[in-house]
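As they're listed, the protein sequences go chains W and F. Mind the numbering: the first sequence is residues 23 to 489 in this note's numbering, read in order. Mind the numbering: the second sequence is residues 181 to 275 in this note's numbering, read in order.
Just so you know, these hints were derived from the structure itself, not from any lab. We put the CB at the ideal spot given by N, CA and C, even for glycine. Treat the hints with caution; some may be incorrect.
Claimed, not checked - Calculated Cβ distances over 12 Å to all of chain F for the following chain W residues:
1. 120
2. 230
3. 287
4. 301
5. 406
What the hints assert, rightly or not - Cβ pair distances, simulated, as ranges:
6. F:251 to W:48: 48 to 58 Å
7. W:39 to F:200: 15 to 25 Å
8. W:69 to F:222: 24 to 34 Å
9. F:225 to W:431: 23 to 33 Å
10. F:274 to W:312: 55 to 65 Å
11. W:159 to F:258: 22 to 32 Å
12. F:200 to W:87: 56 to 66 Å
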Amino acid sequence: MSDTSAIDIVSQVRSNIRSASDVVQQCLQRISAQNVQLNAFAEVWDDWAIQQAAAIDAKQKAGQPLGPLAGVPIAIKDNICVKDRVCGCASKMLQTYRPSFQATVVDRLLAADAVIVGRTNMDEFAMGSATEYSFYGPTKNPRNIECSPGGSSGGSAAAVASGMVPLALGSDTGGSIRQPAAFCGVVGLKPTYGMVSRFGLVAYASSLDQIGPFAGSAADARILLEVIAGNDPLDATSTAEKSFDYSPKSKLRIGVLRQQWNSHLAASVGKALQESTDQLSKTCELVDVELPFQEHAIATYYLLASSEAASNLSRYDGMHFGHRTQQSGGLEETIRASRGEGFGTEVKRRILLGTFALSEGYADQYYNQALKVRQKIADAYQTAFQSVDVLLGPTTAEPAFGIGCHADNPVAMYQTDEFTVGANLAGIPALSLPWGTDEKGLPIGLQLQAAAGRESDLLHLAEMMMA
Amino acid sequence: MDINAETISKLERLAYLQLDPEVREQLRGDLGKILDFANQLSNLPLSHANEMTHASNRENVLRQDCVQPSLPRSVALQNAPESDGEFILVPKVLD
């Protein structure tokens with residue numbers, strides 16, 4: 023039985039039409055049938071999922087109220103900590119690491135009576151755009167197994183797109199939710215920076231990272247966001263607000279990102295933009311909007327994210343936790359060998375780039391200059407949102423690429439994020455919604471961006487466009 | 181941008197990485213290409229522009245200064261690569 027709607031599952035479980043145990047059994051069967059081929063899950067927590075579901079059924083039987091995600095199976099990315107369960111970040115460095123604490127988003131999911139079924143594959147330490155840089159091997163796109171599901175949250179995207187689970191969590195630092203959502207044909211949302219607590223999310227770039235939902239519909243994405251969003255005393259960068267108003271604005275003004283449309287898009291993506299703007303023009307006001315400095319967003323992002331990553335990943339030294347080399351040697355040799363063995367090539371590449379960008383003699387030219395461009399990009403968005411509510415453009419220039427096609431060209435891989443990194447740099451929310459397929463049946467994604475705190479506009483517009 | 185052998189070795193030391201020679205050579209080339217791409221920012225006239233270090237507008241988020249439970253020793257040791265049950269065992273730190 024397919025269970026693609028979280029809202030339907032909640033309704034069925036709450037009204038006793040189905041038990042949570044029944045829902046999770048069918049979910050585990052679907053995972054078992056598909057995961058060997060797709061490799062979406064790094065680990066499935068069968069026993070724990072069955073226990074969670076049994077506890078929800080016991081609550082129901084005892085007449086206790088059930089939470090807003092009652093019985094919904096959900097997958098979480100392998101960089102989100104669950105107490106005493108492996109949190110591997112798809113890396114040799116953390117392949118046996120079991121955190122002694124739990125991510126706030128996990129606490130909130132469990133309190134909402136969701137059923138967490140497993141951890142999903144990703145690019146190592148969230149550094150990648152294809153879920154190919156993984157200790158567990160690549161994930162395949164459910165729509166075409168020779169294609170990438172995108173990255174770095176490719177496992178979560180594939181898990182939802184294939185129907186294994188109705189909901190999943192990913193993380194997005196430069197597009198790692200939205201790009202895989204586009205490639206796999208599902209909804210993916212990167213919330214406003216600070217909207218969702220990062221406590222228990224393994225840090226890649228702390229000023230850019232956000233956890234967010236994957237779902238088959240905007241309505242499902244909203245119910246998941248409602249559960250995980252809000253102030254967390256354990257994350258000093260989280261919003262001060264505890265709850266949010268998701269009611270729709272009466273009439274949205276939409277800014278069309280014409281410069282992105284006129285760039286090197288695949289014909290199918292251009293056609294999707296034309297169809298969507300034709301549809302929207304019947305009910306919304308549309309204007310063309312330009313965003314200055316967008317053409318520098320990729321370079322800015324990779325300098326800043328790599329610099330922050332070089333700092334964040336310095337904690338992996340093989341001393342207190344994580345991989346330690348078996349080579350003999352003094353302190354420095356042990357640390358260097360542990361990191362050399364524990365990290366994959368892309369992680370090393372970004373650590374070296376960040377180290378260079380922060381080093382004496384170069385920090386001004388690279389890191390500090392990138393911070394200035396970041397401010398300009400954020401200012402451009404702020405100016406745009408004075409005259410429009412939502413910006414519309416492509417999520418990616420092309421649909422999913424073949425697995426391995428960018429293996430020898432890191433800059434080409436980085437450029438696949440050209441339309442997504444801006445939202446992370448500015449800290450604003452952005453969503454990818456599926457809009458048809460190309461001539462080969464590969465999904466196309468359109469991106470909506472809004473001012474900070476305006477997730478409701480994105481979700482309602484996406485719901486309207488997908489109706 | 182040409183990253184020479186001395187630069188890549190310096191970065192290796194700063195980043196506490198140990199690279200195999202083939203990987204070092206590959207990354208030396210990659211770094212050069214990435215920095216060529218990143219150099220597009222260098223010529224932008226932004227000398228008086230502000231720097232944006234983070235996207236949060238929160239400041240000085242404090243909590244009450246009261247003692248909270250600490251991590252129990254057994255829990256703190258559970259991920260240690262090597263331990264004697266009381267301490268994490270590491271290579272000699274001081275000569």
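Evaluated hints:
The Cβ of residue 120 (chain W) does not lie farther than 12 Å from every Cβ of chain F; its closest approach is about 7 Å, which violates its non-interface assignment. The non-interface label for residue 230 (chain W) is inconsistent with chain F: the shortest C-beta to C-beta separation is roughly 8 Å, within 12 Å. Listed as a non-interface residue, residue 287 (chain W) keeps its Cβ farther than 12 Å from every Cβ of chain F; the least gap is roughly 21 Å. Look at residue 301 (chain W): its CB is around 32 Å from the nearest CB on chain F, clear of 12 Å, so calling it non-interface holds up.
For residue 406 (chain W), the shortest C-beta to C-beta distance to chain F comes to about 16 Å, beyond the 12 Å cut-off, and the non-interface label holds. The hinted range of 48 to 58 Å is not satisfied by residue 251 (chain F) and residue 48 (chain W), whose Cβ atoms lie roughly 39 Å apart. Here the CB-CB span from residue 39 (chain W) to residue 200 (chain F) is close to 58 Å, at odds with the stated 15 to 25 Å. In this structure the hint that residue 69 (chain W) and residue 222 (chain F) lie 24 to 34 Å apart at CB is violated, the actual value being about 55 Å.
For residue 225 (chain F) paired with residue 431 (chain W), a C-beta distance near 31 Å keeps the hint of 23 to 33 Å intact. For residue 274 (chain F) paired with residue 312 (chain W), a C-beta distance near 60 Å keeps the hint of 55 to 65 Å intact. As the Cβ distance of residue 159 (chain W) to residue 258 (chain F) is approximately 28 Å, the hint placing it in 22 to 32 Å holds. Judged by the Cβ atoms, the range 56 to 66 Å given for residue 200 (chain F) and residue 87 (chain W) holds: they are separated by roughly 58 Å.
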